[in-house]
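Visitor: Could you build all of it, start to finish, from the sequences and the hints given here?
With the first letter of the sequence shown counted as 1, position 240 gets the number 223 in the numbering used here; the numbers rise by one all the way through.
Because the hints were derived from the structure by calculation, they are not lab data.
All clues stand as given, with none of them false.
BS3-like cross-link-like pairs, simulated, lysine-lysine; straight-line CA separation at most 25 Å:
| hint | residue 1 | residue 2 |
| --- | --- | --- |
| 1 | K499 | K552 |
| 2 | K266 | K62 |
| 3 | K289 | K241 |
Derived CB-CB ranges, DEER-like:
| hint | residue 1 | residue 2 | range |
| --- | --- | --- | --- |
| 4 | S610 | T13 | 54 to 60 Å |
| 5 | S701 | T243 | 46 to 52 Å |
| 6 | R457 | R510 | 30 to 36 Å |
| 7 | T243 | D489 | 52 to 58 Å |
| 8 | A329 | G47 | 32 to 38 Å |
| 9 | T243 | P623 | 42 to 48 Å |
| 10 | L152 | A329 | 41 to 47 Å |
| 11 | R318 | L341 | 23 to 29 Å |
Here a beta-carbon is modelled for each residue, glycine too, at the ideal position from N, C-alpha and C.
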Amino acid sequence: MSRARNLFAVCLLAIWLVPTHAPADEADRTRLLEGVTEIMAPGIPGTLCVFGDQAFPVVVGGWGGKRQAPAVVASRLGKGRIVALGHDGYASGPAVTDEGTGRLYTNAIRWAADAATPNVAIYRRGGMAQALRDRGFTAMDLDGAGWRQRLSQFNVLIADLETVPKESLADIVSFVDAGGGLIAAETPWGWLQLNPGKTLTADNQGNSVLAPAGIIFTDGMLERTSPNGFSAAVKPSELTNASRALEAVERHTSGAQKLTPDELAQAAGTLISAATAMPPSDKLLLPQLKALEAKYAESAVPTPQKPLTAQMPLERLALTLQIDEMRRLPAEQIRAHPAAASFPGAVPADAPRVSRSLDVDTRATGWHSTGLYAAPGEVVEVTVPEAAAGKGLAVRIGCHTDGLWHLDSWQRAPEITREYPITSPVTGAANAFGGPIYLVVPGGSKLDAIKVRISNALEAPYFALGRTDPTSWRADIRSKPAPWAELETSRVILSVPSTVVRNLDDPVDLMEWWVKVLDSCAELAARPIERECPERYVCDIQISAGYMHSGYPIMTFLDVAPLVVDLEKLETQGTWGHFHEMGHNHQSGDWTFDGTGEVTENLFSVYCYDRCCGIRRGGHPAITPESITKTMNDYFAQGPDFDKWKANPFLGLIMYIQLQEAFGWEAYKRVFAEYRSLPDAERPQSDDQKRDQWMVRFSRAVGRNLSPFFQAWGVPTSEQARASIGDLPPWMPDGFPPAPK
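Guide: This is the structure we're talking about:
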C-alpha cells in the first residue's frame, strides 16, 4: 500500500473510531454557549444523561477518572425545546447575575423560546424574575391559583419540576409540545437524599416530564473543570449520549469497533447511569436496554472468582437493570438473585422459618438489630402497633450498604440492601439478596418502646451483651443457620460472617473490650459515654473506597472478620484500622484543618492503643521512635514546608504526639471539651481560623505559648493569634527542631 493510501486509511479509521456530534447538535450547542466561557457551580451539581436523536449535552463536568457527565443538556419535544441543569441553584437570582451563567441563561431562554424577545414565566423560584428583568427580559412569577391557565401567555417556563403539583405536569408537557420552552433545574443526588425509599426511575417528576425528550436526571456528583465551575470549552464526548454509547458498546462487543479503555469506561458509565434513572414508561432507549438485559442476564452474576469488570459493559448493564427493577417491584414479586448465593450468602435449604416478637425502644435512633435474617427473595412480614405506622419507621434488609457502581470491578452486585417504609401496621419486605433484618428508627422519634413481630425469617447467631445468656450462646445460638451474625452492645455492633463466630466461646469478654474501645473514643472526644445509637462495623467482600472507611456503618473487608472476634490478638496487637475509622467518626471539623483530615482521627488510634492494649505509641510502624526520628530529620533537612507537612499524615501526627507526650491526654480532652461547648458564633469559619484557634486554645489549656512550636513546624498562624498568647511562657520540646545533618 502506498504512503498516501495508508494515510487515507488511517484517516478513515480515525473518523470511524472517534465519535462526533451531529451537526444540528453542534449548531444548537454553539448558539447556547455564545459568549460563555465558564458557568458557576452552585454547591455540587448533579449529573444528567441524554439519549435519542434530539437530546445533546451542552456543558459537561468531570465524573471520576477521565469520564464526563453533563451538567447542562438540551433537547426538543414536539414543537418545543427544553434545557435542563443539574442543580436547583442554577434556577436562582444569584446564578443569573453570574457573568457566564447569566449569559447561558440569556441564550437558553432565547433558544428554548425560539424568539429574540420572549415572555418568561417562573414557577416558585424566588428572586429569579427580577434577575431576568435586570437582563432585559419580560419575566413574571407564575405562582398562585390558576397559573396553569395563564401559562399559554408565555414563551418559556423556568421551574424545578419537583415543586410542581403532580396533576399539573401534563399541562407543562402540553405547553412544550405546542411550542413552548422549558428550563428545568434540579439536584438529583440531593433529591434522593431527601426522599429515602424513592427512586429517580419511578418517583422523580422531572424525569417523567423530560424522558420523552431524551433527558433524565441521574444519581451522581460532578467534578469541576474550571476554577468556579465548568468550562464551556470542554467538548462533550459523543459517548455521553446513552443511545450512541449503547451503539458503540454493541459494536465493540461484536468486534466491529474498537473502543479504548477510556472510551469504554465512558460508554459503560453513561449506560449504567441511564439505566438507574430511566422511567419505566420510556420508549426511546429502555426497550433496547431490556432486550440486552434478557440476552446477558445469565452471565450478569458477579462473584469474587468471576467479577464483572469494566470490560464487560453489557453484563454490568444487565445487572444494573435487574437491580433497578427490583427497587421498584413490590415485595411479593421479588425473587432471589443468583448472585446472592455468592454474597451475602446462601441459606441452608432446610433452615426453619420462625416468627419472633421483639421489644424495640425507639428512643434510640438508627438500625435496631433483630437477630433475624431474610432469605433471598422471600417475604418477611413486619407487624407494628397501629400508632407506630406512618411515623417514619422502616424495615431494612441487609447491612452491606456500600454502592459499588463507580468501581471497575464488581465482586458482588453493586447494591444489595433494601429498605421499606412502615406506613401501615403490617409491612411485607423482601430483598433479592437476603440479609439481616433491622427496624430503622429516625431521629426525633417519640414512640418510646413498641412491640414488633417479624414472621417468616431465619434465626441468626446474635449476641447482645447483658441480654443474651452466654451458656445459651455456646449451646445453641452461635449455630443458628443464617449466614451473617451480629454481636451487639449499647456502644457498638459487629456484623460478621457466621463462620467466624461458630467457635466463639466467650463473647462477653470480647464485647466488653469493644465497649472499652468506644468509651475511650468518647472520653478523648469529650463526648458522653452513652450514645444515641451504637456505632457499627460491617465486613464486606468489597467496599466502595479504601481498605476500610468510616460512616454508619464503618465498612471493612472480610479478611479482618476473624480479627474482630479474636480477643487475644485485639488486646495484645490492637487493630489500627478499626481505631482509625472510629476516630473519623469522632473527629470534629472545628479542630481539623486542611492537611489534618487524616491526622486528628489518628489521635484516637494512639489513645485506644494506650488505653485498651497497654501499648504506648504503638500500632503503626510510622510512629515508632526510630520512624519518628527519621521522618523529622528528613523533613527539617530541607526546611519546614507546610505543603509537605500537609501531604504526609504521619508527619502531622508526630506534631500532635509531641503535644501529648509533653502535656498528656488530659490537655486534649480539655481542649476538645472547650470546642464542644462553643456557641456557633465562636466556631472557626475558615481554615486560617481553625489553625489560629487550635494553637490559641491549646496554648491556654496548657499555660504555654505554642506559637514558636507551630512556627518551627511551618504551620501558619496569624500575627494576631500569636500576639494573643504572648503573655504565656514559650514552649519547645527538648532538642527540637532537629539540627540539620
